[in-house]
Amino acid sequence: MAATYSASEMMIVTAARALAGVRTVFVGVGLPNVACNLARRTVAPDLELIYESGVYGARPARLPLSIGDPTLVSGALSVCSMVDLFGLYLQGGRIEVAFLGGAQIDRFGNMNTTVIGGYDRPKVRLPGSGGACEIATNAQQVFIVMRLGRRSFVERLDFVTSPGHLGGGAERAALGLPGGGPQVVVTDKCVMGFDPASREMTVVSLHPGVTWEAVQAEVGWDLRAAADVQETPPPGTDELRLLREELDPGGMYTQ
Amino acid sequence: MAATYSASEMMIVTAARALAGVRTVFVGVGLPNVACNLARRTVAPDLELIYESGVYGARPARLPLSIGDPTLVSGALSVCSMVDLFGLYLQGGRIEVAFLGGAQIDRFGNMNTTVIGGYDRPKVRLPGSGGACEIATNAQQVFIVMRLGRRSFVERLDFVTSPGHLGGGAERAALGLPGGGPQVVVTDKCVMGFDPASREMTVVSLHPGVTWEAVQAEVGWDLRAAADVQETPPPGTDELRLLREELDPGGMYTQ
Amino acid sequence: MTNDEMTKVMGMKEAMAAYVHDGDTVAIEGFTACICFAAAHEIMRQGRCDLTLCRMTPDLIYDQMVAAGCARKLVFSYLGNPGVGSLHAIRRAVEKGIPAPLEIEEYSHFGMVGRYTAGAYRLPFFPLRSYAGSDLPQANPRIRSVESPYGDGSIAVVPPLNPDVAILHAQRADRNGNAQLWGLLGVQKEAAFAARHVVVVVEEIVDEAVIRSDPNRTAIPSLVVDAVVHEPHGAHPSYVQGYYDRDNDFYLAWDEASRDEAQTRAWLDEWVYGVADRASYLEKLPPDAWKRLAAGEAWAEGVNYGRYV
Amino acid sequence: MTNDEMTKVMGMKEAMAAYVHDGDTVAIEGFTACICFAAAHEIMRQGRCDLTLCRMTPDLIYDQMVAAGCARKLVFSYLGNPGVGSLHAIRRAVEKGIPAPLEIEEYSHFGMVGRYTAGAYRLPFFPLRSYAGSDLPQANPRIRSVESPYGDGSIAVVPPLNPDVAILHAQRADRNGNAQLWGLLGVQKEAAFAARHVVVVVEEIVDEAVIRSDPNRTAIPSLVVDAVVHEPHGAHPSYVQGYYDRDNDFYLAWDEASRDEAQTRAWLDEWVYGVADRASYLEKLPPDAWKRLAAGEAWAEGVNYGRYV
Numbered sequence: 001m002a003a004t005y006s007a008s009e010m011m012i013v014t015a016a017r018a019l020a021g022v023r024t025v026f027v028g029v030g031l032p033n034v035a036c037n038l039a040r041r042t043v044a045p046d047l048e049l050i051y052e053s054g055v056y057g058a059r060p061a062r063l064p065l066s067i068g069d070p071t072l073v074s075g076a077l078s079v080c081s082m083v084d085l086f087g088l089y090l091q092g093g094r095i096e097v098a099f100l101g102g103a104q105i106d107r108f109g110n111m112n113t114t115v116i117g118g119y120d121r122p123k124v125r126l127p128g129s130g131g132a133c134e135i136a137t138n139a140q141q142v143f144i145v146m147r148l149g150r151r152s153f154v155e156r157l158d159f160v161t162s163p164g165h166l167g168g169g170a171e172r173a174a175l176g177l178p179g180g181g182p183q184v185v186v187t188d189k190c191v192m193g194f195d196p197a198s199r200e201m202t203v204v205s206l207h208p209g210v211t212w213e214a215v216q217a218e219v220g221w222d223l224r225a226a227a228d229v230q231e232t233p234p235p236g237t238d239e240l241r242l243l244r245e246e247l248d249p250g251g252m253y254t255q
Numbered sequence: 001m002a003a004t005y006s007a008s009e010m011m012i013v014t015a016a017r018a019l020a021g022v023r024t025v026f027v028g029v030g031l032p033n034v035a036c037n038l039a040r041r042t043v044a045p046d047l048e049l050i051y052e053s054g055v056y057g058a059r060p061a062r063l064p065l066s067i068g069d070p071t072l073v074s075g076a077l078s079v080c081s082m083v084d085l086f087g088l089y090l091q092g093g094r095i096e097v098a099f100l101g102g103a104q105i106d107r108f109g110n111m112n113t114t115v116i117g118g119y120d121r122p123k124v125r126l127p128g129s130g131g132a133c134e135i136a137t138n139a140q141q142v143f144i145v146m147r148l149g150r151r152s153f154v155e156r157l158d159f160v161t162s163p164g165h166l167g168g169g170a171e172r173a174a175l176g177l178p179g180g181g182p183q184v185v186v187t188d189k190c191v192m193g194f195d196p197a198s199r200e201m202t203v204v205s206l207h208p209g210v211t212w213e214a215v216q217a218e219v220g221w222d223l224r225a226a227a228d229v230q231e232t233p234p235p236g237t238d239e240l241r242l243l244r245e246e247l248d249p250g251g252m253y254t255q
Numbered sequence: 001m002t003n004d005e006m007t008k009v010m011g012m013k014e015a016m017a018a019y020v021h022d023g024d025t026v027a028i029e030g031f032t033a034c035i036c037f038a039a040a041h042e043i044m045r046q047g048r049c050d051l052t053l054c055r056m057t058p059d060l061i062y063d064q065m066v067a068a069g070c071a072r073k074l075v076f077s078y079l080g081n082p083g084v085g086s087l088h089a090i091r092r093a094v095e096k097g098i099p100a101p102l103e104i105e106e107y108s109h110f111g112m113v114g115r116y117t118a119g120a121y122r123l124p125f126f127p128l129r130s131y132a133g134s135d136l137p138q139a140n141p142r143i144r145s146v147e148s149p150y151g152d153g154s155i156a157v158v159p160p161l162n163p164d165v166a167i168l169h170a171q172r173a174d175r176n177g178n179a180q181l182w183g184l185l186g187v188q189k190e191a192a193f194a195a196r197h198v199v200v201v202v203e204e205i206v207d208e209a210v211i212r213s214d215p216n217r218t219a220i221p222s223l224v225v226d227a228v229v230h231e232p233h234g235a236h237p238s239y240v241q242g243y244y245d246r247d248n249d250f251y252l253a254w255d256e257a258s259r260d261e262a263q264t265r266a267w268l269d270e271w272v273y274g275v276a277d278r279a280s281y282l283e284k285l286p287p288d289a290w291k292r293l294a295a296g297e298a299w300a301e302g303v304n305y306g307r308y309v
Numbered sequence: 001m002t003n004d005e006m007t008k009v010m011g012m013k014e015a016m017a018a019y020v021h022d023g024d025t026v027a028i029e030g031f032t033a034c035i036c037f038a039a040a041h042e043i044m045r046q047g048r049c050d051l052t053l054c055r056m057t058p059d060l061i062y063d064q065m066v067a068a069g070c071a072r073k074l075v076f077s078y079l080g081n082p083g084v085g086s087l088h089a090i091r092r093a094v095e096k097g098i099p100a101p102l103e104i105e106e107y108s109h110f111g112m113v114g115r116y117t118a119g120a121y122r123l124p125f126f127p128l129r130s131y132a133g134s135d136l137p138q139a140n141p142r143i144r145s146v147e148s149p150y151g152d153g154s155i156a157v158v159p160p161l162n163p164d165v166a167i168l169h170a171q172r173a174d175r176n177g178n179a180q181l182w183g184l185l186g187v188q189k190e191a192a193f194a195a196r197h198v199v200v201v202v203e204e205i206v207d208e209a210v211i212r213s214d215p216n217r218t219a220i221p222s223l224v225v226d227a228v229v230h231e232p233h234g235a236h237p238s239y240v241q242g243y244y245d246r247d248n249d250f251y252l253a254w255d256e257a258s259r260d261e262a263q264t265r266a267w268l269d270e271w272v273y274g275v276a277d278r279a280s281y282l283e284k285l286p287p288d289a290w291k292r293l294a295a296g297e298a299w300a301e302g303v304n305y306g307r308y309v
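Residue numbers (our numbering), protein chains in the order written: chain L, 1 to 255; chain Z, 1 to 255; chain F, 1 to 309; chain R, 1 to 309.
If we strip away everything but chain L, and leave its shape as in the complex, we get:
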């Protein structure tokens, strides 16, 4: 019998599953944090969690309040200064996957976390880059988890904070960015990849019960589909139990 679950739970579980077999993940704030901790408890037991706060190999004993929570430090394999974290781990090319959230994304996976509106007198001042710009530049692969929505998935970004595939095609490589850029976008309604040639975002699976139209309605450009769109497998009872009872008992991310 299939369990009932929320769209957020579906999204987090799917994001976690994307990490199957991965050994090192750079963990962003919020949703990625929950997804990576779930992955370590399920599909990627050897996964070492790396946080921009300087932590390698965290073993959080509770859901961290932020990427700088003291529970990430106690029991970690290594904790280093930020110059070493960004220099040795990230820029050194040691991160297999960086898992990021974002405010705005375009069809090529470029992201905006800086402003809505103009830079000098913005309508909404967002947090800014943090480490996102260099993470997007240097991680071997970037995975993104964010909720669909017309204000988030936009035709044109107000500001490019973090480079994705830029204008698409080979532009990213031509500019000499060391990392491979965005590979997958996990949302609350579908999973998207990037076309190997055009580097445009393409839908690879729809979550159970979600229609193509429901997805397109939340995206600000004419969405493309992969050759063979699948149905995303639903969460398992074990994943849901871990999420609800251990990782996010307060339901901060899973409602």
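Check before you lean on any hint, since a few could be wrong.
[Said to hold, decoys possible] Here chain R is said to cover these stretches of chain F; the calculated rule only asks that three of the stretch's residues, wherever they fall, bring their Cβ under 8 Å from a Cβ of chain R:
hint : stretch
1    : 116-124
2    : 148-160
3    : 210-221
4    : 242-249
5    : 285-298
Simulated from the structure, these hints should not be mistaken for laboratory data. Yeah, the Cβ is synthetic: ideal placement off N, Cα and C, and Gly gets one too.
Following the hints, complete the assembly by docking chains Z, F and R onto the known chain L.
Chains Z, F and R in isolation, oriented as in the chain L frame:
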């Protein structure tokens, strides 16, 4: 009654006294090591010893065999990586005085520790720079301790490892070197300073019983004297006792 | 006077009066941990203004200082209330110029880290692989690039940052300012070496012998420290590894209060202007606060440095 | 297999055979301390040749490898027998081409540190304030300079160094290669991150729980480590902080023996080729050696990380 002492003891005690009132000294290998440890026990009790091996505020419990001796680590105030030692402490401009030895020096305090003869097939291959090049570049002041000799105090260096006052005058400042360069050269026969205008080495005091001619005979250029050449004060009994009984009981540096 | 007798210990009032002046460039660092609210509140009480505030994550501490009118300019890389949401006071200043316009100079995290590092290393710039393809260099013309002399392309650079004063919270220091940190190290060391003056605020003042027993743990040496302030719980509501946990209720309460100007003022009146010093602030906390925020115990395994005599 | 069950533990023979090949660029680092002679001797026994040997201070360890004919080239910053004098085998090679010419690539200490750092940070160069007014850039054209884009002059740069393998001795590691170091830290961390492969050699293999009890002490994480070799006293005659002292008699004996080609060969025959492995080498030491070289005890003060559950 005056104590008897060797020329090396005279040199080391005089070198130590040059550090009166100094708070941070970068300690080179060999003679400077002994002189700085003596200074800390006499004229500069607040002196903190800094070693290129990464040690700040060493309290050696024995005469260190080298600048990397474990006795420099145990009980030190701080021990850091070499990138931090050279970057934060030295290049950061935090070193008041660097105390160096050398193989060859010219009248402007430029030093050679690289080769005697040509670089590609040298007559004698010397150790090379170690940290000397950046120490000479960045320390606020450089003090030098070395024995006089025609093979050491030369008209022309075979190789400039570490910049002193280059061609003299304002050349050093013009090249943008951050530190002030050599200020004093303590030898086994005399003490020399540098003329404020020409930056040429000038004799400021002769050790007791040493004649001008005896000094000139050991120097490969026509030596200049300061306006008023003094007699260097002899070592005190307390300094000699510390040196012989505590700092160098084996007589490694003081014979 | 020997080292053991030397002391740089001062009260917080005295230290802030001595080292923070109107118009100064100030860095109160600490990434999520060891954020010295005690110092910030004292600066606010002393009415400092026109400050250039530098911090990777302005966090509540600079949101409060901006709300209090201390700041002319903000140099930063991430404007968030960590794990909670926005910094409403700074957003009001940037979006609407309330209470006054706030100049901003914006980097990414590694850019800020690099700026402190270049400042500490006395370098003209710090090179980093970032910013290519981003709009950040357009927003901030101080982000530039240099060509590699090895024929392998160009790389972004940021300029050095040398604050007039850095204020850094740590677990323990001796009276002369040799400070030991553990847990997240952030950019504390780099900020200390980059700054013209350094105030270290600590949970505990310990004998020099404690420091000398573990020299690898000393991130900030006395060499660069001007003043040592003993202010236990001085980082509340942020946390200090091994000493106390983050007081998240405060982060949530500020998120609420700071959405509205009048409520923001009321919060500052109660928790900053309405108290004389940190001790009075701490007295206002609920009696069970420190029990609730207790760190528990997890001690590091022993390490022998050896005696080499 | 979980992390706790994972192991990268190998014997020295196996590790050197797997990670050091003819023609490789090899870095055995450790500044005065933690110099892994055990690895060097095994490489010599395996007859490796044509190596590019990188080390700030070639020390006895590379003097022996050069004498044994392992090296084609030396990349370094200080050629000395520390506290004793010259490195005679390397001098013979450089001054007289005996036994074979040795190519050299020479920097200053900060230049070598910068090369490893640039290699570890994947930077095209490392900038440093050095070399202006020195003849070193003429001797080594890889020392170059770049112009600051902030209009404040030019600065020297050195290129990245990325060895094929770095061999690093440390006090302790877990079976997965998370290594903790104390005392002099040298460039161990930077060399580890710069290298394509890393072999960590340790005095003790400990439970992962020991490492996790003090994460700030972990300089080399498992992430970059390929093999862990348990070789107690593997750094003799250099020292390991807290474990044993330097055996200066060996430094003096090498100074004597290495002045003459035949004696050098005899020394190598006795101490390298004449023993099967490190255990046999250690058996040849006088029975009182470890008593004489004992480190004594001086333990670090406790540090609490806290339990945050």
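So, going through the hints one by one against the coordinates:
1. Requiring three or more residues with a Cβ within less than 8 Å of a Cβ of chain R, the coverage given for the stretch 116-124 of chain F holds, as 3 such residues are present.
2. Restraint check on the stretch 148-160 of chain F versus chain R: 8 residues with Cβ-Cβ distances below 8 Å, three needed, restraint holds.
3. Restraint check on the stretch 210-221 of chain F versus chain R: 5 residues with Cβ-Cβ distances below 8 Å, three needed, restraint holds.
4. For the stretch 242-249 of chain F, the stated coverage by chain R holds: 3 residues have a C-beta nearer than 8 Å to a C-beta of that chain, and at least 3 were required.
5. Chain R is given as covering the stretch 285-298 of chain F, and this holds because 4 residues of the stretch bring a CB closer than 8 Å to a CB of that chain, at least three being needed.
Violated hints are absent here; each numbered hint is respected by the structure.
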